[in-house]
Each structure stands twice: as C-alpha cells, then as structure tokens.
Amino acid sequence: MDLNALELFAAAAEAGSLSAAARRTGVPLPTLSRRVRQLEDDLGLRLLERGPQGLVLTRAGTQLLAEVGPALATLRQAHQRLRDGSGVAGTLRVSMPPHFEPMWSVFAEFGQRYPAVNFDVFVTDRRVDLIADGIDVAIRVGEGGSSSYVGRTLTRYRHRVVASPVLLRGAKLELPADLRERPCACWRTSKTPSWTLGGVQLELDPVMVTNDYEHLLHLALDARVITEVPPFMARGPIEAGQLVEVLPEHPMPLASLRALVLDTRALSPLIRQFLDFVADEIPTALLARL
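Counted the way my numbering counts, the sequence shown spans residues 1 to 290.
Heads up, a few of these hints could be off.
As a list, the in silico SDA-like pairs of lysine to any residue whose alpha-carbon atoms are at most 20 angstroms apart [unchecked claim]: (1) Lys191 <-> Lys172; (2) Lys191 <-> Leu254; (3) Lys191 <-> Val207; (4) Lys191 <-> Glu203; (5) Lys172 <-> Asp205; (6) Lys172 <-> Ala223; (7) Lys191 <-> Pro97; (8) Lys172 <-> Val244; (9) Lys172 <-> Ala255; (10) Lys191 <-> Val209; (11) Lys191 <-> Ala223; (12) Lys191 <-> Tyr213; (13) Lys191 <-> Arg126; (14) Lys191 <-> Arg127; (15) Lys172 <-> Arg224; (16) Lys191 <-> Ala177; (17) Lys191 <-> Ala255; (18) Lys172 <-> Arg182; (19) Lys191 <-> Met252; (20) Lys172 <-> Leu204; (21) Lys191 <-> Glu143; (22) Lys172 <-> Pro206; (23) Lys191 <-> Arg180; (24) Lys172 <-> Leu247; (25) Lys172 <-> Arg156; (26) Lys191 <-> Asp125; (27) Lys191 <-> Leu202.
Treat the hints as calculated values from the structure; they're not laboratory data.
Use the sequences and the hints to build the structure in full.
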C-alpha cells in the first residue's frame, strides 16, 4: 500500500475537500486526486464520495482512516522530531560582521537549546567565500553576493548618525549638506565616502575612514567627529546623554541583515534548524537594543 497515497487520503478526509487538501499539503490538485483514485483502485473500494457539504467518507473510508490515522500521525510526529532534534549536533561555522553584538545572544540561546552544538564564528568585514572559507552560514549586511548563494532576509534596521552634544554646541545643522562643515568619520568602503540621508546622497571629506565601528564610536564619544554606527551601538550612549542623534528627520536607508547558505535543498538538520532559529530570534535580539 502506498504510504504517500494514504497521507493524501487522510489529508483529504480531514480537510473536507480535495482542493483544501491540495493547499494544505502543497501537492497539485490533479496529482492529489489521481493518487487518491489510485489508492481506491488498489483497494477495490470507494473511500470518498461527494456530499452536499463536501467530501464524505464511505464506510470503507471511515474504517481505513480509523486504522491508519493514528499510525500516520505517529509517523508525522517522528519525522518532525527527527527534523528538529536528530542531527542538530556538531560544529556550525558561521561568519558575521564585526561588532554585531546581537548575534552573540542568539548563539548562546541556540547552544542552550541544542547542547551538542559547537560554534566556530569567523568575525570579518570581508565578504567570505562559503566554499573556500569553509563557512556553513554567512551573516551579512546588504543585498550583494554571489548568485550561487541562497539568501534569507532576517531583519532590517537603520544606522544612526550621532555626535557628542559637546561637539554640536552652537552648531546649526538643518540639512544633510550642513554636515560638510563639520568633522565627520566614516565606515571604510571601496567607494567615495558618502552617506545617504533622507534619500539624498551626501559625499563627504571625512577626517577618518576605518572599518572599526568601535573606534568610530569612541571618536564620537570624545567629541571629535560626527559619525554613523549601528543602532544597537548608539542606543546606550544616547540614553546616557553622551551622544545625540544628528538629523533624525533625514534617516539613513534601511539595511538588510541576511543569512547566506550554498543550497537550501541540501541543508543538514543543524544548518536548517539554525536558519529557522536565527530568523525567529534576531529581530527580537536586535529590537531589544534599538
């Protein structure tokens, strides 16, 4: 007896119609209908009939569902347990940007849930090669990347332009262009230093460029520059009155945080479970620091 056909028959019986069962299972309606008819032919019995309110089980269908229903439910539960737990062990190699503090709490919570998992975390601002660098999951900011990777957007957030109130004392900043008259420091990129504020790109002549957000933050706290940092780095100093947000009415664009893997069709249970977990947890971890 075809186990898959039995699953589809049970789905149709529970859903009350073939079309509803097709939507629930993701199996095309013609395929589902054909498999149920084939099951009836194999058994030589009519299992389902159309009634005024939808499909109705025949006596044979009722008996079959009573016999196989509990077994099918047990199989589904076993399959789910295997997906959720079995194989969720070993070393997970993850790359992530520097100073992305919310990720560390996600690693810790995942490790508590799955004690057999170890993390090998590669912190870099370089766009890693998943194959050459031996990375299972790359956590990356931005939309770019190799077409051979499959990306999953985890959340979106905005960086904040900040400065010390001491530096801004007496300053008149009303428009993004006014920043050109003030000392600014920027994150290092391969492009001309610039910020996009309120949809307007502003080219800058910064006093410093660096790929170290911690140093940019320290420069701002020392009242030496205006700079931009991730929101989770800005929150504490702003709440403490050490920094203020500059031109909040001209916000920076949303940045996408993504998880990249090689091929979602061949993921191990460990990687698949981590992707689902981080997609659920990182928005909360990030929101707590915004």
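Hint-by-hint comparison with the structure:
1. Lys191 <-> Lys172: 28 angstroms, violated
2. Lys191 <-> Leu254: Cα-Cα ~19 angstroms, so holds.
3. Lys191 <-> Val207: 16 angstroms, holds
4. Lys191 <-> Glu203: It holds: about 10 angstroms lies between the C-alpha atoms, which stays within 20 angstroms.
5. Lys172 <-> Asp205: With a Cα-Cα distance of about 19 angstroms, the restraint between Lys172 and Asp205 holds, given a limit of 20 angstroms.
6. Lys172 <-> Ala223: Given pair Lys172, Ala223 holds - Cα atoms ~16 angstroms apart, limit 20 angstroms.
7. Lys191 <-> Pro97: Status holds; Cα separation ~19 angstroms.
8. Lys172 <-> Val244: Distance of about 14 angstroms is within 20 angstroms: holds.
9. Lys172 <-> Ala255: Violated: Lys172 and Ala255 sit about 28 angstroms apart, past 20 angstroms.
10. Lys191 <-> Val209: 11 angstroms, holds
11. Lys191 <-> Ala223: 26 angstroms, violated
12. Lys191 <-> Tyr213: Roughly 17 angstroms separates the two Cα atoms, so the pair holds.
13. Lys191 <-> Arg126: OK: Lys191 and Arg126 at ~15 angstroms, within 20 angstroms.
14. Lys191 <-> Arg127: Since the Cα atoms of Lys191 and Arg127 sit roughly 16 angstroms apart, the hinted pair holds (cutoff 20 angstroms).
15. Lys172 <-> Arg224: 17 angstroms, holds
16. Lys191 <-> Ala177: 19 angstroms, holds
17. Lys191 <-> Ala255: Cα-Cα ~17 angstroms, so holds.
18. Lys172 <-> Arg182: OK: Lys172 and Arg182 at ~10 angstroms, within 20 angstroms.
19. Lys191 <-> Met252: With Cα atoms ~17 angstroms apart, Lys191 and Met252 stay inside 20 angstroms; holds.
20. Lys172 <-> Leu204: 18 angstroms, holds
21. Lys191 <-> Glu143: With Cα atoms ~16 angstroms apart, Lys191 and Glu143 stay inside 20 angstroms; holds.
22. Lys172 <-> Pro206: It holds: about 19 angstroms lies between the C-alpha atoms, which stays within 20 angstroms.
23. Lys191 <-> Arg180: This hinted pair holds, its Cα atoms lying about 18 angstroms apart.
24. Lys172 <-> Leu247: 11 angstroms, holds
25. Lys172 <-> Arg156: 31 angstroms, violated
26. Lys191 <-> Asp125: Judged against 20 angstroms, a Cα distance of about 15 angstroms means the pair holds.
27. Lys191 <-> Leu202: Roughly 13 angstroms separates the two Cα atoms, so the pair holds.
Comparing the model with each earlier hint shows violations of hints 1, 9, 11 and 25; every other hint is respected.
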